[in-house]
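Novice: On the provided structure of chain A, position chains B and C as indicated by the hints.
Sequence order for the protein chains is A, B and C. Mapping to numbering that gives the first Met the number 0: the first sequence position 276 is 275, numbers consecutive. Mapping to numbering that gives the first Met the number 0: the second sequence position 233 is 232, numbers consecutive. Mapping to numbering that gives the first Met the number 0: the third sequence position 15 is 14, numbers consecutive.
Think of the hints as simulated: they come from the structure by calculation, not from any bench. Hints should not be assumed to be uniformly reliable.
Pairs count within a copy or across copies, as identical chains cannot be separated in the list.
Stated by the list, open to error - Simulated pairs of lysine-lysine, BS3-like, Cα-Cα distance not exceeding 27 Å:
#1 K344 to K333
#2 K341 to K326
#3 K50 to K7
#4 K309 to K325
#5 K38 to K50
#6 K38 to K4
#7 K309 to K46
#8 K326 to K309
#9 K325 to K341
#10 K7 to K38
#11 K334 to K344
#12 K313 to K325
#13 K4 to K50
Listed below, chain by chain, are the residues.
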Amino acid sequence: MQQTKTLKELAEYLGGTVQGDEACRVNGLAPLESAAGDKITFLANPKYASKVAETGAGAVLMSPGGEAYGRNVIEVGNPYLAFAKLLTLFYVQPHAPRGVMPEACIGIGVLLGEDISIYPGAIVGDHVTLGDRCVIHSGAVIYAGVTIGDDTIVHANAVIRERCRIGNRCVIQPGAVIGSDGFGYAPDGSSYYPIPQIGIVVLEDDVEIGANTCIDRAALEVTLIKRGTKVDNLVQIAHNCQIGEDTMLCSQVGISGSARVGNHVTLTGQVGVAGHLTIGDNVMVGAKSGVPSSLEPNAGYSGIPALPHKQWLKSMAVVANLPDLKKSVTALEKKIAELESKLAKE
Amino acid sequence: MQQTKTLKELAEYLGGTVQGDEACRVNGLAPLESAAGDKITFLANPKYASKVAETGAGAVLMSPGGEAYGRNVIEVGNPYLAFAKLLTLFYVQPHAPRGVMPEACIGIGVLLGEDISIYPGAIVGDHVTLGDRCVIHSGAVIYAGVTIGDDTIVHANAVIRERCRIGNRCVIQPGAVIGSDGFGYAPDGSSYYPIPQIGIVVLEDDVEIGANTCIDRAALEVTLIKRGTKVDNLVQIAHNCQIGEDTMLCSQVGISGSARVGNHVTLTGQVGVAGHLTIGDNVMVGAKSGVPSSLEPNAGYSGIPALPHKQWLKSMAVVANLPDLKKSVTALEKKIAELESKLAKE
Amino acid sequence: MQQTKTLKELAEYLGGTVQGDEACRVNGLAPLESAAGDKITFLANPKYASKVAETGAGAVLMSPGGEAYGRNVIEVGNPYLAFAKLLTLFYVQPHAPRGVMPEACIGIGVLLGEDISIYPGAIVGDHVTLGDRCVIHSGAVIYAGVTIGDDTIVHANAVIRERCRIGNRCVIQPGAVIGSDGFGYAPDGSSYYPIPQIGIVVLEDDVEIGANTCIDRAALEVTLIKRGTKVDNLVQIAHNCQIGEDTMLCSQVGISGSARVGNHVTLTGQVGVAGHLTIGDNVMVGAKSGVPSSLEPNAGYSGIPALPHKQWLKSMAVVANLPDLKKSVTALEKKIAELESKLAKE
Numbered sequence: 000m001q002q003t004k005t006l007k008e009l010a011e012y013l014g015g016t017v018q019g020d021e022a023c024r025v026n027g028l029a030p031l032e033s034a035a036g037d038k039i040t041f042l043a044n045p046k047y048a049s050k051v052a053e054t055g056a057g058a059v060l061m062s063p064g065g066e067a068y069g070r071n072v073i074e075v076g077n078p079y080l081a082f083a084k085l086l087t088l089f090y091v092q093p094h095a096p097r098g099v100m101p102e103a104c105i106g107i108g109v110l111l112g113e114d115i116s117i118y119p120g121a122i123v124g125d126h127v128t129l130g131d132r133c134v135i136h137s138g139a140v141i142y143a144g145v146t147i148g149d150d151t152i153v154h155a156n157a158v159i160r161e162r163c164r165i166g167n168r169c170v171i172q173p174g175a176v177i178g179s180d181g182f183g184y185a186p187d188g189s190s191y192y193p194i195p196q197i198g199i200v201v202l203e204d205d206v207e208i209g210a211n212t213c214i215d216r217a218a219l220e221v222t223l224i225k226r227g228t229k230v231d232n233l234v235q236i237a238h239n240c241q242i243g244e245d246t247m248l249c250s251q252v253g254i255s256g257s258a259r260v261g262n263h264v265t266l267t268g269q270v271g272v273a274g275h276l277t278i279g280d281n282v283m284v285g286a287k288s289g290v291p292s293s294l295e296p297n298a299g300y301s302g303i304p305a306l307p308h309k310q311w312l313k314s315m316a317v318v319a320n321l322p323d324l325k326k327s328v329t330a331l332e333k334k335i336a337e338l339e340s341k342l343a344k345e
Numbered sequence: 000m001q002q003t004k005t006l007k008e009l010a011e012y013l014g015g016t017v018q019g020d021e022a023c024r025v026n027g028l029a030p031l032e033s034a035a036g037d038k039i040t041f042l043a044n045p046k047y048a049s050k051v052a053e054t055g056a057g058a059v060l061m062s063p064g065g066e067a068y069g070r071n072v073i074e075v076g077n078p079y080l081a082f083a084k085l086l087t088l089f090y091v092q093p094h095a096p097r098g099v100m101p102e103a104c105i106g107i108g109v110l111l112g113e114d115i116s117i118y119p120g121a122i123v124g125d126h127v128t129l130g131d132r133c134v135i136h137s138g139a140v141i142y143a144g145v146t147i148g149d150d151t152i153v154h155a156n157a158v159i160r161e162r163c164r165i166g167n168r169c170v171i172q173p174g175a176v177i178g179s180d181g182f183g184y185a186p187d188g189s190s191y192y193p194i195p196q197i198g199i200v201v202l203e204d205d206v207e208i209g210a211n212t213c214i215d216r217a218a219l220e221v222t223l224i225k226r227g228t229k230v231d232n233l234v235q236i237a238h239n240c241q242i243g244e245d246t247m248l249c250s251q252v253g254i255s256g257s258a259r260v261g262n263h264v265t266l267t268g269q270v271g272v273a274g275h276l277t278i279g280d281n282v283m284v285g286a287k288s289g290v291p292s293s294l295e296p297n298a299g300y301s302g303i304p305a306l307p308h309k310q311w312l313k314s315m316a317v318v319a320n321l322p323d324l325k326k327s328v329t330a331l332e333k334k335i336a337e338l339e340s341k342l343a344k345e
Numbered sequence: 000m001q002q003t004k005t006l007k008e009l010a011e012y013l014g015g016t017v018q019g020d021e022a023c024r025v026n027g028l029a030p031l032e033s034a035a036g037d038k039i040t041f042l043a044n045p046k047y048a049s050k051v052a053e054t055g056a057g058a059v060l061m062s063p064g065g066e067a068y069g070r071n072v073i074e075v076g077n078p079y080l081a082f083a084k085l086l087t088l089f090y091v092q093p094h095a096p097r098g099v100m101p102e103a104c105i106g107i108g109v110l111l112g113e114d115i116s117i118y119p120g121a122i123v124g125d126h127v128t129l130g131d132r133c134v135i136h137s138g139a140v141i142y143a144g145v146t147i148g149d150d151t152i153v154h155a156n157a158v159i160r161e162r163c164r165i166g167n168r169c170v171i172q173p174g175a176v177i178g179s180d181g182f183g184y185a186p187d188g189s190s191y192y193p194i195p196q197i198g199i200v201v202l203e204d205d206v207e208i209g210a211n212t213c214i215d216r217a218a219l220e221v222t223l224i225k226r227g228t229k230v231d232n233l234v235q236i237a238h239n240c241q242i243g244e245d246t247m248l249c250s251q252v253g254i255s256g257s258a259r260v261g262n263h264v265t266l267t268g269q270v271g272v273a274g275h276l277t278i279g280d281n282v283m284v285g286a287k288s289g290v291p292s293s294l295e296p297n298a299g300y301s302g303i304p305a306l307p308h309k310q311w312l313k314s315m316a317v318v319a320n321l322p323d324l325k326k327s328v329t330a331l332e333k334k335i336a337e338l339e340s341k342l343a344k345e
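Extracted from the complex, chain A is given alone in its bound form (with noise of 0.2 Å):
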């Protein structure tokens, strides 16, 4: 972690420019206020553009064409991403292949990759395949015939169901269960008789999964995350569902049985939403929505049931006014009572 680097160095790393000194070195990140002089520092958001004038970092990260104050920067069109992608630089070290270690317990006729590492107590089951450089972390459990990618890593405790499949850098937290049987049961009368859950989960490449999130396996066929999905902890995704690809889903999200989500969409934290609907492309929901119905997309929504989220703030608006609404109706009714009278009496 203390390895240092030239500002040119990690302009060519990032595809920048320097204005200033491209030989000063700096060794890490740190924030605008209490960097050092041998730390980068970053202006993502230009409110803060002033505090450039005062902050000790030795370089700075910003946009093209942002005032300097003199110091030293690397002009880059998306600073907050070069800020991230130096963090990995510096921060970030590549996992060294452990092999199978001691008490995991591997199947049989287990394919395994090159450079793999699977830690004690990890239970890898019969017929898997495991890419290259998988890491499988301490009590993660991996079923029969599961099949996964390369650079993929499973984080202890994470439970992979039967005969899922999971693509290359893709990233499951602990304890997050993919491929449990879907909530489907045909009613006999009286009680409820278990369907079989005989599909699958499939999550393609470079999907993220929080920790402790469920994903249910379909019941014939496929329950797909696609390509660059990313899903945050405590989220419930049914059977059947498909989520589109780059598609950000937040914490405690529930998502019934075969909805089907677009790409790019964002549902944020504790959004609930109905089956059998489709959310369309680009979609923004507001927390804690509900959404009963179809969404069309480019649009934000909000509310319970959601509604377009401006039409939704002005509701919201005058619900938190409602008794004064209430009451001019009274006195308009009391009004109308006495003009009507007066005019009676006319």
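Specialist: Using the frame of chain A, we list chains B and C on its own:
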């Protein structure tokens, strides 16, 4: 999975009646739209009756008296249930007992039934009793003194804490926690003193518990889930609750302490229920609702706080247009002021 | 569990005063209604004072000056707290240390305190420090570099990720995840680049964490839960949050990134809190509320979005009757039109 059955055999299995070729053989199920001639399909929703004319399936499960369009038909009272039963028949193989597998860990004084399976990395504590044909998957932890009935499946990394009792034919999905300490604290003026939770959880027969669902042990006595009730993923059931028979708790429902939920109740996704109240039999609560007080049986409710469902629907229709209602009131106020002023002048 | 105590002994233990027979012996606790003569019961809620006359209990814990109805009484300032303390005294046995049990897995460079218990299948990573009398249950996974204080209990299948720090006398229920990666991604135009989450989680002393609850590690520094705070099951605490002392977070609460929650706050079930805001000390938020912006201390709030609690109650009373309000407005419009028409004719 390659067994084939004649329609006669299937009709006998289901208690139905063949219309058409009894000797026709099928080897599995498929949807109306995509079934080939070696598959049987089903018509549960009369809305899709016309699709029967076009299906390529070898036979169709449908209600007595439906239009067969010349197809082979098995008439059954409940085609959806029949479909579920055939799924089981064709696709679910009985679990071949594997005994106590290497690297499973069994405590002292454990009573094991016949034909059980305990997978590697499963932990069975001291003085546990397991019924016949139980399956305990890898990483499941059964604390001391737990009793589990026959034919119950405990999936990977589920936890059943000390002394809890699980019935016959229960299914516990991965990561579920049965018997965690109830959330009970006595304020001591400035801080909170933890109240020992010395009760247990009892699951009766045929109860199914979803992935990462949590059921807290009672403070003193029993948190009880009665026969046949199905609980989805990520549900919270607090200490001292009593949940009736054949009730459905959908994903992310939360039930506070000492609540009583009746038989044949359905709480849909993300519903919250306050403590120390009673929900009557046959109640249905709409998604995301909040239930602050007891609910009468045989009715539907929605909203935060929950109202009778139809009343809530009507209120929400007005909420969506509240800004217009407010404008109407403002317009009325103006008109009345004008009228008053006009009358005053007269 | 069959120890008996005299009322004199119990009064000394609790700092209370006996009214009646100091030599009376009891061997446990029971509710007012069902207690037999060898049990002590308690009266916490004055509403039930008359039940004291009928209890079969050998003695009653009550506030000074309460009506004893001729019963033996121990007078204590806080009978509910006294009840909790006697539950501990009668029913909770100190955990007999079992050491590192067979099939537990201990990394290199681990520092173990005295009288610890590490159960079979628990995984303690490299360079972990465990305080005296810690109990690590089966399947719990402690990643490398974690520090845990004295008398802390980590239940089965809980996960504590790398470098997190846990205080003294903490309790972590089964399946909880401490230190999962925060949900931080930098948009790169079309997809999301994962921002390394290099911070940690710190739990101070006497913090309790519910089953399957998730607390994300900070992006750069610390996600902090302060002394004495209790967190229920299935709660989400996002990266960089700071939760105050003696705060209660009930089940299924979700707190977004970088939020600050004060001391002695209560967030009841399923409350959601947006990121980057501050909730003042002694705030109470009603069940299922959504908090979009900072809340002033010493007050109650409810609703989505949250309003002062009483304002919300009044608004919800109107919401329940909105269709009537709308009808009133329509009726007024009609009457005014009539009046206007009448006046026009005159």
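Novice: Cα distance capped at 27 Å. Does K38 pair with K4 within a copy, between copies, both, or neither?
Specialist: within (10 Å within a copy, 65 Å between copies)
Novice: How would you label the pair K7, K38 (within, between, both, or neither) given a Cα cut-off of 27 Å?
Specialist: Only inside one copy: K7 and K38 sit 14 Å apart there, 66 Å across copies, limit 27 Å.
Novice: Using 27 Å as the alpha-carbon threshold, which applies to K325 and K341: within, between, both, or neither?
Specialist: Close inside one copy (24 Å) and across copies (26 Å); limit 27 Å.
Novice: Taking 27 Å as the upper bound on the Cα-Cα distance, should K309 and K46 be classified as within, between, both, or neither?
Specialist: within (25 Å within a copy, 37 Å between copies)
Novice: Under a CA distance limit of 27 Å, which applies to K326 and K309: within one copy, between copies, both, or neither?
Specialist: both (26 Å within a copy, 17 Å between copies)
Novice: Given identical chains, is K334 near K344, meaning Cα to Cα at most 27 Å, within a copy, between copies, both, or neither?
Specialist: both (15 Å within a copy, 17 Å between copies)
Novice: For the identical chains here, do K4 and K50 meet the 27 Å Cα criterion within one copy, between copies, both, or neither?
Specialist: within (24 Å within a copy, 67 Å between copies)
Novice: Reference check for the pair K344 and K333, CA-CA at most 27 Å: within, between, both, or neither?
Specialist: Both: 17 Å inside a copy, 20 Å across copies.
Novice: With identical chains, the pair K50 and K7 could be close in the same copy or across copies; at 27 Å between alpha carbons, which is it: within, between, both, or neither?
Specialist: Answer is within: at 24 Å inside a copy they meet the 27 Å cutoff, but 67 Å across does not.
Novice: Regarding K313 and K325, is the shortest C-alpha distance of 27 Å or less found within a copy, between copies, in both, or in neither?
Specialist: Classified as both; 17 Å inside a copy, 11 Å across copies.
Novice: Evaluate K309 and K325 at a C-alpha cut-off of 27 Å and name the case that applies: within, between, both or neither.
Specialist: both (23 Å within a copy, 16 Å between copies)
Novice: Could you figure out if K38 and K50 sit no more than 27 Å apart (CA to CA) within one copy, between two copies, both or neither?
Specialist: Only inside one copy: K38 and K50 sit 15 Å apart there, 68 Å across copies, limit 27 Å.
Figure legend: structure checked against the earlier numbered hints; every hint is met.
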